[in-house]
Amino acid sequence: MSCGCKPTYPDRTWHGAAEVIENTAVAEGTYRIRLVCPHLAAHAVPGQFVMLRLRSGDDPLLGRPLAMYEVVLNDAGEPWALDIVYLAIGKMTRCLAMVGSGEQIDVWGPLGNGFPAEPVDHLIMVGGGIGQTPFLALSQEALGRRAYGQADRRPGWAKRATLCYGARSERLLACVDDFCNAGVTVRLATDDGSTGHRGLVTDLIEPLVGESGGSCRIVSCGPEPMLKAVVEIARRLGVPCQASLETPMACGMGICFSCVTKIRDDAGGWDYRRTCIDGPVFDAEKIVFD
Amino acid sequence: MDLQVQLGRLALKNPVMVASGTFGYAREMAGMVELGRLGGIVPKTITRDPRAGNPPPRTVETTAGLLNSIGLDNDGLDAFLQNQFPFLASLDTAIIVSVAGKSYDDFVYLAERLGRVAGVAALELNVSCPNVSGGVDFGTDPSMCEKVVRGVRGVCDLPVLAKLTPNVTSVPAIAQAAADGGADAVALINTCLGMAVDWRRRRPRLGNVLGGLSGPAIKPIALRIVYQVAQAVDIPIVGIGGIASVDDCMEFLVAGASAIQVGTASFYRPSVTMEILDQLPEALRALGADSVSEVIGTLQHPAR
Ligand SMILES: Cc1cc2nc3c(=O)[nH]c(=O)nc-3n(C[C@H](O)[C@H](O)[C@H](O)COP(=O)(O)OP(=O)(O)OC[C@H]3O[C@@H](n4cnc5c(N)ncnc54)[C@H](O)[C@@H]3O)c2cc1C
Ligand SMILES: Cc1cc2nc3c(=O)[nH]c(=O)nc-3n(C[C@H](O)[C@H](O)[C@H](O)COP(=O)(O)O)c2cc1C
Ligand code: FES
Chain A
3 MSCGCKPTYP DRTWHGAAEV IENTAVAEGT YRIRLVCPHL AAHAVPGQFV
53 MLRLRSGDDP LLGRPLAMYE VVLNDAGEPW ALDIVYLAIG KMTRCLAMVG
103 SGEQIDVWGP LGNGFPAEPV DHLIMVGGGI GQTPFLALSQ EALGRRAYGQ
153 ADRRPGWAKR ATLCYGARSE RLLACVDDFC NAGVTVRLAT DDGSTGHRGL
203 VTDLIEPLVG ESGGSCRIVS CGPEPMLKAV VEIARRLGVP CQASLETPMA
253 CGMGICFSCV TKIRDDAGGW DYRRTCIDGP VFDAEKIVFD
Chain B
22 MDLQVQLGRL ALKNPVMVAS GTFGYAREMA GMVELGRLGG IVPKTITRDP
72 RAGNPPPRTV ETTAGLLNSI GLDNDGLDAF LQNQFPFLAS LDTAIIVSVA
122 GKSYDDFVYL AERLGRVAGV AALELNVSCP NVSGGVDFGT DPSMCEKVVR
172 GVRGVCDLPV LAKLTPNVTS VPAIAQAAAD GGADAVALIN TCLGMAVDWR
222 RRRPRLGNVL GGLSGPAIKP IALRIVYQVA QAVDIPIVGI GGIASVDDCM
272 EFLVAGASAI QVGTASFYRP SVTMEILDQL PEALRALGAD SVSEVIGTLQ
322 HPAR
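As you go down the protein sequences, you meet chains A and B in turn.
Note that the numbering used here has the first sequence beginning at 3, numbered continuously upward.
Note that the numbering used here has the second sequence beginning at 22, numbered continuously upward.
Simulated from the structure, these hints should not be mistaken for laboratory data.
Think of the CB as a built atom: it goes at the ideal place given N, C-alpha and C, for glycine as much as any other residue.
Keep in mind that a hint or two might mislead.
[Said to hold, decoys possible] For lysine to aspartate or glutamate, the following DMTMM-like pairs were computed, each having C-alpha atoms within a straight-line distance of at most 20 Å:
#1 B:123 / B:113
#2 A:264 / A:226
#3 A:8 / B:158
#4 A:93 / A:154
#5 A:230 / A:179
#6 A:93 / B:303
#7 B:34 / B:219
#8 A:8 / A:208
#9 A:264 / B:303
[Claimed, not checked] Derived CB-CB ranges, DEER-like:
#10 A:90 / B:303: 19 to 27 Å
#11 A:183 / B:245: 56 to 64 Å
#12 A:227 / B:323: 58 to 66 Å
#13 B:324 / A:40: 54 to 62 Å
#14 B:252 / A:61: 31 to 39 Å
#15 B:71 / A:153: 35 to 43 Å
#16 A:106 / B:241: 26 to 34 Å
#17 B:252 / A:269: 46 to 54 Å
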């Protein structure tokens, strides 16, 4: 399978008001919100996202794209709620941080293509900033601990999973324990050296690939300069790589054409493609970075 | 309740349509909206040849509004007919194909080709896109507007809607010109030219510097223009601009629109058109009406 070739239309998308069960701080300026939306939770696969919109009025006007972090099961073991981990950085996410349990917010999703569930020995995930969020569910599935979506994805497709996670400082690192508990090896990097490697998260990749032994695949999510560096490293090492883009989006469903990214076409040129329905996950070699 | 409306030669089963550029090619929304319930669908504007569109960022949210500079990103007429139109034509609703040209000849070419395609219910001439420079501005010069509508009427038998820009001194003058050229109806309004600035970086927020404002922020402007044109010009009006509820829809009908298009609201309330359709009969009943046509342009003027 390759990513970014044909659109994933929001055909199995649920939209409606979801009750907030909790909304708690997990790191500096970072929160985890839990939303009750069983249908959505039952269909979402790792790497997909949802749009969230406040019900309080028309400012902020639009929904915001946020990655699926984890699906929460009810007592009967059925998908019931969705966890999202977000950084309060602007107009909408700062308001979102004030929403209390019992309140409702508008949700539509799951949206986008998600990561491929293709067998590999070592899955190397590279997240920068808040870019670790799509990787918890991905690790759970890869290591065979959880299944997501409908029956078309078979869990347990990787033998090992490592998260390389970078942020400006230790205070901003969110949910590291979740990854450790999921059996993921975690390698940290901070700009200020407050924990882990002092420097760029991308410095961690090459040694990992070197010691891997078997087959590797790199998946990456974060700010564009980081993605660009990851893609370059993967190409140099000859390791397959996919990147999930965080392009700003106005609708998330493919109807506004605002979220476009330059994607290589077969003719050797490029075309603007909608990140929301053609992505957000693209094969690294298809992305044209400016 | 009789929801049918008539836009010149174009009959719609109800007055609720979706606006060009805000509903993709409709296939995207097949899982979110019962497309067959819509009165009509206006797919994203097409041009004769493919256009890449403007560089991102293409949209910026402003207070209760959205600025866009998409720049008519589309794959051109042939690709539209091959890839998008078959799905559209399979739907039980009026497909009103929106076209834009840089020249008179472009419009006439597009109209002639589309006039021969079975399943096209009408044409909407986008003579109002604020994001494309280099072309003749058919939406700001009455004589050019009249000429292009007349030219299109001359080469195809489809009903023709002229979609006009608010970014002129007098929209009624342009609307009259469209009527003189033979337009079946005018669609009012396209987006209002605007901009957003990031002062810290001393930069415009849009990749294309200027863009078109849409959403609730422009509803009063759109209503004013629909009202002014309804007073002055004798052809039906399609109201567009910030419509996001049945109340908004009713305001436009009463102010003089025969039908409406929902634009930006579909981005943030995907099934808003279904809500409007669900609630429209009751809103009409509240005015004692048995049909949509009974309320169109029934605004009561305060005594002076
Ligand atoms: C598929 C996808 C998944 C995402 N998942 C997550 C997630 O799990 N957790 C999370 O915290 N965030 C995630 N994001 C980013 C998130 O959508 C933005 O942080 C959010 O839209 C900001 O909204 P706001 O109203 O708070 O900020 P705004 O007021 O809109 O913007 C504040 C500042 O942030 C900048 N900005 C806004 N959006 C982006 C963006 N997408 N990329 C870079 N800069 C931006 C603006 O230019 C501005 O400077 C994801 C984005 C995408 C496309
Ligand atoms: C992202 C975006 C793209 C648009 N693209 C087109 C277009 O291709 N052709 C067109 O005639 N109008 C286009 N419009 C204008 C809308 O059809 C509509 O006239 C305008 O947005 C006002 O309605 P609204 O406030 O309900 O959105 C676009 C609007 C937006 C927001
Ligand atoms: S966000 Fe609207 S098309 Fe992608």
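Now for the hints, and whether the structure bears them out:
Simply put, residue 123 of chain B and residue 113 of chain B have alpha-carbon atoms about 32 Å apart, too far for the 20 Å limit, and the pair is violated. A distance of roughly 13 Å separates the Cα atoms of residue 264 of chain A and residue 226 of chain A; the hinted pair therefore holds under the 20 Å criterion. Taken as a hint, the residue 8 of chain A and residue 158 of chain B pair is broken in the structure, with Cα atoms around 36 Å apart against an allowance of 20 Å. Restraint check for residue 93 of chain A and residue 154 of chain A: the C-alpha separation of about 38 Å exceeds 20 Å, so the hint is violated.
Pair hint residue 230 of chain A plus residue 179 of chain A does not hold up; C-alpha atoms about 28 Å apart against a cutoff of 20 Å. Restraint check: the Cα-Cα separation between residue 93 of chain A and residue 303 of chain B comes to about 36 Å, which exceeds 20 Å; the hinted pair is violated. The suggested pairing of residue 34 of chain B with residue 219 of chain B is violated, with an alpha-carbon distance near 45 Å, which exceeds 20 Å. Taking the CA atoms of residue 8 of chain A and residue 208 of chain A, the gap is near 31 Å; set against the 20 Å cutoff, the hint is violated.
Of the supplied pair hints, the one linking residue 264 of chain A and residue 303 of chain B is violated, its CA atoms being roughly 47 Å apart against a limit of 20 Å. Between residue 90 of chain A and residue 303 of chain B the beta carbons are some 40 Å apart, a value that contradicts the proposed interval 19 to 27 Å. Checked against the given bound of 56 to 64 Å, the beta carbons of residue 183 of chain A and residue 245 of chain B, roughly 59 Å apart, stay inside it. The given range of 58 to 66 Å is respected by residue 227 of chain A and residue 323 of chain B, whose C-beta atoms sit roughly 60 Å from each other.
Hint check: residue 324 of chain B to residue 40 of chain A, Cβ distance near 57 Å, so the stated range 54 to 62 Å holds. Between residue 252 of chain B and residue 61 of chain A, the C-beta spacing of about 32 Å keeps the proposed range 31 to 39 Å intact. Between residue 71 of chain B and residue 153 of chain A the beta carbon distance is about 39 Å. The supplied range of 35 to 43 Å therefore holds. Between residue 106 of chain A and residue 241 of chain B, the C-beta spacing of about 29 Å keeps the proposed range 26 to 34 Å intact.
One distance hint, 46 to 54 Å for the beta-carbon pair residue 252 of chain B and residue 269 of chain A, holds here, with the actual separation near 53 Å.
Violated hints for the displayed structure, listed by number in ascending order: 1, 3, 4, 5, 6, 7, 8, 9 and 10.
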